[in-house]
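Asker: Sequence:
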Amino acid sequence: MSDAAEFQSAPGPVFFDRRELELILKVYGRMVAAGEWRDYAMAGHRDVAEFAVFRRSGDAPAYRIEKRPALRLKQGQWAVIGEGGVVLRRGRELPQVLRVFDSRRFSVVE
1 MSDAAEFQSA
11 PGPVFFDRRE
21 LELILKVYGR
31 MVAAGEWRDY
41 AMAGHRDVAE
51 FAVFRRSGDA
61 PAYRIEKRPA
71 LRLKQGQWAV
81 IGEGGVVLRR
91 GRELPQVLRV
101 FDSRRFSVVE
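For the sequence shown, counting from 1, position 54 maps to 54 in the working numbering; every step adds exactly one.
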């Protein structure tokens with residue numbers, strides 16, 4: 001006889017739901033309209049979903065918005081990470097974490 005654990009499917013990759021993507025893309029659209037961001041990439045991994053934004057195509061991401069469900073009861077599952085891996089804001093609610101982009105005046109330095 002087989003073990004019951006064999007029949008359980010492995011959890012799929014973590015990804016954003018429709019409401020979360022709507023909030024993230026709203027911020028992204030505002031920053032594109034302001035000329036700050038030009039490109040984005042999304043990735044869903046086993047333990048983290050990532051939305052990365054770029055100032056120019058081919059550069060390293062300027063910011064990453066991460067969803068880590070394993071941290072939802074501890075530090076909060078949402079984080080905005082800047083260049084160099086610096087955590088700019090972490091929290092349990094996505095709208096609260098995305099406010100980091102409202103409070104800063106961004107300017108592109110070339």
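Hints listed in this document are in silico derivations from the structure and should not be mistaken for laboratory results.
Just so we're clear, the structure is a prediction, and the values are computed from it rather than from any experiment.
The beta carbon of each residue, even a glycine, is placed where N, CA and C say it ideally should be.
Do not take every clue at face value.
Using C-beta positions, here's what the derived DEER-type ranges look like [as the list claims (entries may be wrong)]:
| # | residue 1 | residue 2 | range |
| --- | --- | --- | --- |
| 1 | G82 | V32 | 16 to 26 Å |
| 2 | L88 | G58 | 35 to 45 Å |
| 3 | G58 | R92 | 28 to 38 Å |
| 4 | A43 | E22 | 34 to 44 Å |
| 5 | R18 | Q96 | 17 to 27 Å |
Asker: If a hint holds in the structure, say so; if it does not, say that too.
Answerer: Here is what the structure says about each hint:
The hinted window of 16 to 26 Å between G82 and V32 holds, with their beta carbons roughly 18 Å apart. Against the hinted window of 35 to 45 Å, the Cβ-Cβ separation of L88 and G58 comes to about 23 Å, which falls outside the hint. Checking the proposed 28 to 38 Å range against G58 and R92 shows it holds: the Cβ atoms sit about 34 Å from each other. Taking 34 to 44 Å as the suggested C-beta distance range, the pair A43 and E22 does not conform, at roughly 19 Å.
For R18 paired with Q96, a C-beta distance near 19 Å keeps the hint of 17 to 27 Å intact.
In this structure, the earlier hints numbered 2 and 4 are contradicted, and the remaining ones agree with it.
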